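Colleague: As they're listed, the protein sequences go chains U and V.
Position 60, counted from 1, in the first sequence is what the working numbering calls 60; the numbers after and before it change by one each time, with no gaps.
Position 76, counted from 1, in the second sequence is what the working numbering calls 76; the numbers after and before it change by one each time, with no gaps.
None of these hints come from the bench; they were simulated from the model.
Note that this is a predicted model, so its numbers are computed, not measured.
All residues carry an ideal CB built from backbone N, CA and C; glycine is no exception.
One thing to keep in mind: the hints can contain errors.
What the hints assert, rightly or not - Quick look at which bits of chain V chain U covers, simulated, 3 or more residues with Cβ under 8 Å:
#1 25-33
#2 47-55
#3 60-69
Stated by the list, open to error - Restricting the straight-line Cα-Cα distance to at most 20 Å, the calculated cross-link-like pairs of lysine to aspartate or glutamate (EDC-like) are:
#4 U/K52 to U/E21
#5 U/K87 to U/E62
#6 U/K53 to V/D29
#7 U/K87 to U/E21
#8 U/K52 to V/D44
#9 U/K52 to V/E83
#10 U/K39 to V/D9
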Amino acid sequence: MNQYNPLSPAQFQILLALADEERHGYGIMQEVAERSSGKMRLGPGTLYGNIKKMMAAGLIEESDKPVVLEDDDPRRRYYRLTDQGQKAAVDEARRLADAVRDAQLKNLIPRTI
Amino acid sequence: MAQSDWLIDLSQRLYETAVKLYPAPFRADYEAEIIWLFNRMCQDAFAQAGYPALAAVWLRTISDFAFSLCEQHWQTWRSDTMENDTKLLRLIASINVSVIGLLAILALGWGIFALGFHRNGLLARPFTTVHWSHPLDSEVPEFTVYRATADEETVCSAVPGEAYTAVPRSNIQSGQSGVRPTPSSPDIPQLSWHTLKDNYQMNRGDIFCYKIELITGAGSVEKLIPNKIGASFYDWNMIAFGFVSLIMGLGLVILARQTLRLAGRIAEPVTAT
């Protein structure tokens, strides 16, 4: 476990959203909502508050070359994982997996979900 | 669509106004982006499900806004406070540690002395064995000087060169609220007694000089020697003072250590990022 773990749920979700590609804030928000089937929705304040904290912690960074789309707005900024962020995400995922395994051993949840 | 544009535009304006409440550092970084994002949220939601979706966006945003507003202000305040602390610590670190160390040694030394080893201190008092030597004994043999306490012990003190009044010891009563000549001693002027009484309000442990006049002629003076310096009391004022000095000394030691630590830790000025 590194110094960033455990991450808050919102931070972990942001790391997950950026795990496969660079995204802007709205893209992160949409990805989180879609992946969690709408169970988790990040508001603008929460999203950018966490982005600010995670950038300060070195978990994510602004992308040097933003993806330019047709409907791109200059106010958009793209974010990506840093190596530290990647490691923090992996560590957090393992921690959560361990917690799930413990819960299964205690028969709190079925062995196969 | 005109109505939807109007609603979305109104939503955006309302949210823009609300965003002004975020602390300045946060706004400087994310104001434009967060407003753009909210605008997109409103447009997409309205396009998908109309008014209910737009209302849902607002409901989620209000709670999110309230929470994040408090959080951002708290973080900004904490960041400012930490920056001020760092400035203070850097100032402390700039103080020459040897000065602090010297002050610490002085305070500790004085504290230990006053608290424990002063003649009426906690440690030294039980072992006080110094006997007072009458300064006038050799200079003015026909005079003697009494210094009395309300305790049973009497101790003496005098200033060389001063004229003293002498009285026999039998005329001095100890253990009362004062040391005074007995009424049966007609040779003691009442004025002297009153003067003494007024000038020296006696309490247990007090020491005062009692001017004694030779009234019974040469050779009848009774000397009160030897007398134990220190009397039979602890000097609580000195002990308290010593205790305070000791605490101050320990505080200075901690400050010196902190200064050394900080001098190493913040050798470079912190640059704003």
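Colleague: Each hint should be assessed against the structure and marked as holding or not.
Modeller: The hints, checked one at a time:
1. For the segment 25-33 of chain V, the proposed coverage by chain U is satisfied: 5 residues have a C-beta within less than 8 Å of a C-beta in that chain, meeting the threshold of three.
2. Counting residues of the segment 47-55 of chain V whose CB lies closer than 8 Å to any CB of chain U gives 0, which falls below the minimum of 3, so the coverage claim is violated.
3. For the segment 60-69 of chain V, the proposed coverage by chain U is satisfied: 8 residues have a C-beta within less than 8 Å of a C-beta in that chain, meeting the threshold of three.
4. Straight-line distance between C-alpha atoms of U/K52 and U/E21 comes to about 19 Å, which keeps the hinted pair within the 20 Å bound.
5. A distance of roughly 18 Å separates the Cα atoms of U/K87 and U/E62; the hinted pair therefore holds under the 20 Å criterion.
6. For the hint pairing U/K53 with V/D29, the CA-to-CA distance comes to about 12 Å; that is within 20 Å, so the pair holds.
7. For the proposed pair U/K87 and U/E21, the alpha carbon gap of about 16 Å is at most 20 Å, so the pair holds.
8. For a cut-off of 20 Å, the pair hint linking U/K52 to V/D44 is broken: about 25 Å separates their Cα positions.
9. Restraint check for U/K52 and V/E83: the C-alpha separation of about 18 Å stays at or below 20 Å, so the hint holds.
10. Restraint check for U/K39 and V/D9: not satisfied, since their Cα atoms lie roughly 28 Å apart, outside the 20 Å limit.
In terms of the numbered hints stated before, the structure departs from hints 2, 8 and 10, listed from lowest to highest.
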